[in-house]
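Note that the protein sequences, when read in sequence, are chains A and B. Here the first sequence stands for residues 117 to 240, where the numbers follow this note's numbering. Here the second sequence stands for residues 261 to 421, where the numbers follow this note's numbering.
Derived Cβ-Cβ restraints for the label pairs, each shown as a range:
{"hint": "1", "chain 1": "A", "residue 1": "D126", "chain 2": "B", "residue 2": "R325", "range": "34 to 40 Å"}
{"hint": "2", "chain 1": "B", "residue 1": "S328", "chain 2": "A", "residue 2": "Q122", "range": "29 to 35 Å"}
{"hint": "3", "chain 1": "B", "residue 1": "S328", "chain 2": "A", "residue 2": "A216", "range": "28 to 34 Å"}
{"hint": "4", "chain 1": "B", "residue 1": "E361", "chain 2": "A", "residue 2": "Q122", "range": "25 to 31 Å"}
{"hint": "5", "chain 1": "A", "residue 1": "R195", "chain 2": "B", "residue 2": "E361", "range": "22 to 28 Å"}
{"hint": "6", "chain 1": "A", "residue 1": "G205", "chain 2": "B", "residue 2": "S391", "range": "43 to 49 Å"}
{"hint": "7", "chain 1": "B", "residue 1": "P377", "chain 2": "A", "residue 2": "K188", "range": "18 to 24 Å"}
{"hint": "8", "chain 1": "B", "residue 1": "Q404", "chain 2": "A", "residue 2": "S224", "range": "34 to 40 Å"}
If you are wondering where the hints come from, they were derived from the structure by calculation, not from laboratory data. Every residue gets a Cβ at the ideal spot worked out from N, C-alpha and C, and that includes glycine.
Below, each chain spelled out in residue letters.
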Amino acid sequence: MAGTVQGLFDAATGAGLPIVFNNAYRDGAQTGTGGSPSAGSSSQHMAGFAFDINSSAMNPMQLTQFTGMAMKAGFQRVRGDPGHYQVTGGAQVAYGSHAAGVAEARRSYAARECEDANVAAQRK
Amino acid sequence: MRPVSARTRMSRHRENSAQSIMRIQHRSLLPVSVLVLGLVSACERSRTDAHVACSSVGEWQVPMRDTSTSFAVDGSVHFSGSGGHSQLAATTRDGAHEPLEFPLRWSGDSVYLVFAPLGYRLSGKCVSPDSVTGLFTVPQPPFQGIKGTFGMRRTRTERPL
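Use the sequences and the hints to build the structure in full.
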């Protein structure tokens, strides 16, 4: 997902949208990035299948535009969580279950095969 | 107006009975009109007392809640003579925190705050000189916006240095 999110970030930035990533992967043990605490047990963040942006930095038209780009990239929004985007269908679509997705995300993160999209975005 | 006795009136003027009746009616109406004005004034005072005013200057704690989505905002807003600024953080049911640090303005006699490009809107009224209650909305396209209640409590009269 990291590559897809990075591509989405680059496209949004290129379109002039004031995108600020807040966080992506986070699990129960991680204190989180962007000032965020750990995700709930059913959160797609734990499987690395969701990311948050600072939605307040965009006006409704910009947020609508970014949402359209995200949906084309395979993400969906969740009502009541303004900055949250997750892979449509979640980790269970790729791994058969949410738990399997979480386990794979923890293994991958521990093996340094990927890093938090927020950290990578801040380096740029 | 000094009351005029009927005897004085009759000794000074030869008035027809219609005019006399009109004057008596006018004088009778006078205390009534004063009473009406007094009642109106009292009602105005009551409405004024019911409309509590509060100035914006100072630091306010601002908890905001939408219980249907578990969306919450906490922190403070500060107002000085030159304007206001928010130092808030939004928390979602998924555990994400988003900082909300923006300039903001307080409009009108009632409390009306608007901030952030996304358009956080708070509309309420003062319930005491140091507290406010009301409703807030946050757009979330393509869904209906988030709606909830907020309270504000002044914790400082001047912004801390």
